[in-house]
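So the sequences go chain by chain: R and D. Here the working numbering = 1-based position in the first sequence + 323. Here the working numbering = 1-based position in the second sequence + 60.
There could be a bad hint or two in this list.
Label pairs and their calculated CB-CB ranges [said to hold, decoys possible]: (1) D/Y162 x R/N578: 38 to 46 angstroms; (2) D/Y162 x R/V514: 30 to 38 angstroms; (3) R/R456 x D/W180: 22 to 30 angstroms; (4) D/Y199 x R/G386: 29 to 37 angstroms; (5) R/D368 x D/A192: 42 to 50 angstroms; (6) R/L541 x D/P222: 55 to 63 angstroms; (7) D/V105 x R/G386: 41 to 49 angstroms; (8) D/A192 x R/V588: 49 to 57 angstroms; (9) R/G386 x D/A309: 45 to 53 angstroms; (10) R/K478 x D/N253: 30 to 38 angstroms.
Keep in mind the hints are simulated off the structure, nothing from the lab. Predicted, not measured: the structure shown is a model, and the values here were computed from it. No residue lacks a Cβ here, since even glycine has one placed at the ideal position from N, Cα and C.
Single-letter residue listing:
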Amino acid sequence: MTATDAPTSGQISPAPLPRHDPAEVSALSIGCVSHSYGTRRALVDIDFTVAPASFTALLGLNGAGKSTLFSLVTRLFGIQTGRISIFGHDISLAPSEALRLLGVVFQSRTLDLDLSVTQNLLYHAALHGIAKREARLRSDEVLTRIGLADRAGNKVRDLSGGQMRRLEIARALLHRPRLLLLDEATVGLDVKARADILNHVRQLVTEQGIGVLWATHLFDEIMPGDDLVVLHPGRVLAHRQVARIIADTGAHDVNSAFTRLTEAVSETGSPAP
Amino acid sequence: MSSTTVRQDQSGFSLAQYVTCLNGIVWREALRFVHQRERFVSALVRPLVWLFIFAAGFRQVLGISIIPPYETYILYEVYIAPGLMAMIQLFNGMQSSLSMVYDREMGNMRTLLVSPLPRWYLLFCKLVAGTAVSLLQVYAFLLIAWFWDIAPPPIGYLTVLPALILSGLMLGALGMLISSGIKQLENFAGVMNFVIFPMFFASSALYPLWRVQEGSPLLYYVCLFNPFTHAVELIRFALYGQTNWISLAVVSCCTAAFMIGAIYAYDPSRGLIRRGPAGGET
């Protein structure tokens, strides 16, 4: 299914696109964004875009600034310098329009452990102004889709870590966003749960045309066909397709390409060309 | 519904969507309240201890002359009942803000703050939810107090409702404003001691202001400028079908001021920006 197809029954499909032509507008556009905590500069001139219906990996070590960047995109922090827009909607000037197109899975769990699986979804739906009947329909759909329909009435604290993550992804999709941000969504999960979640998110890109920004520090989650943004530390060292970055750095895989890029910064103090 | 029949604001949300959001936040707060039975019990036990033990003990010590809105001599228990109702709301307001600090630490607050509805509205909904919970607690207290011969005129149970809503909003907004400046849950205990107890004791909740003035003119002025005093007096008068206009004005203005302060503090370009990312995140 492409981004412009009508939704089909039984699927959680994205909301209609804004008036802009999707071919012209990036799902996410980050332009010259810098951010400091006091005197410590966490991000410096961050500049990249995420195309609609694409999987973009944001690769960086712990402390690289991935979560700070996510906090800026989700408007938890105010933008100090630069500009962020989602499908052409400036996050500072038109936050409602931008945020309704955005689904987020944060690094730390944001589920209410004392509420049931369904109650968590209904609460999220209410925060997006989705009426209860419609919310229940969507909730049943996503739970069936992620294989948690039989746990709908269970408290969230009774779920496994992998199930919680799947539930968070399902919740992020409940209001049918067109851009999904996931901040280290597989941290702390076993190999199978990680693979399941990653496959599920990649399916969202191919089947529903959702743009995905996947923040990670794990090289094995990145495929050669993905777009890759290398963040280190607080600067974008490279933004190209993975295969091209590997070729340009003369490396044989993502791991060694990352090492070469970051070593170049350590030696020269500035990113490699 | 067709777009022609639904009124939408500038951000494209209809009135029904705003109501849905409000219902959702109040519903969640109610669920949390139901799940935390000990919170309900402790919210009731606190004022009842004051009523059954403190007031009974001080009945003979503290004489209350005839002061408005009372038309005759009253028992001390009757005098402090409105103060205890306001105390329930004060604790509830702080408890709600405590839950906001908890939510922020646990990450749940982010779910609320990334909603596309205007942030001021989300905070307002949170405030309404907290106030609704406090109303349940106050009426449960009034029910028990009725068996203790604290029985205002029947109409008073109705006329006090708007006063309780307004004072609940004021104290909730104050708690929200305070919570915006708290970085960690542990810091909140200190704030409780520096806010709740001074506000409660330096007010007309336990003793009429003319008595305070006799003892300490300075403390009298502190009490007079304490918004909690006016919340107590607003409730006291409303419980007897009357309106204390000065208290109404003070509580209304303080509610607006605290709410504006909280909205300002939770503005992404001001309040949260000064904090670093959540633990473990960069």
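Checklist entry - Between R/L541 and D/P222, does the C-beta distance stay in 55 to 63 angstroms? => result holds (57 angstroms)
Checklist entry - Measuring from beta carbon to beta carbon, are R/R456 and D/W180 in 22 to 30 angstroms? => result For R/R456 and D/W180 the Cβ distance comes to about 28 angstroms; the hint holds.
Checklist entry - Is the distance from the Cβ of D/Y162 to the Cβ of R/V514 consistent with 30 to 38 angstroms? => result holds (33 angstroms)
Checklist entry - Lying within 49 to 57 angstroms: is that true of the beta-carbon distance D/A192 to R/V588? => result Given a distance of about 54 angstroms, which is inside 49 to 57 angstroms, the answer is holds.
Next on the checklist: Assuming the hint says 30 to 38 angstroms, is it satisfied by the Cβ distance from R/K478 to D/N253 or not?
Outcome noted: For D/N253 against R/K478, whose Cβ atoms are near 34 angstroms apart, the range 30 to 38 angstroms holds.
Item to check | D/V105 versus R/G386 beta-carbon gap, inside 41 to 49 angstroms or not | outcome: Roughly 47 angstroms apart at Cβ, these two residues keep to the hinted range, so it holds.
Next on the checklist: Please check whether D/Y162 and R/N578 have a Cβ separation lying inside 38 to 46 angstroms.
Outcome noted: holds (40 angstroms)
Next on the checklist: Assuming the hint says 29 to 37 angstroms, is it satisfied by the Cβ distance from D/Y199 to R/G386 or not?
Outcome noted: With Cβ atoms ~52 angstroms apart, the hint is violated.
Next on the checklist: Taking the Cβ atom of R/D368 and the Cβ atom of D/A192, is their distance within the range 42 to 50 angstroms?
Outcome noted: holds (47 angstroms)
Item to check | R/G386 versus D/A309 beta-carbon gap, inside 45 to 53 angstroms or not | outcome: holds (52 angstroms)
In the structure shown, a violation is registered for the earlier hint numbered 4 alone.
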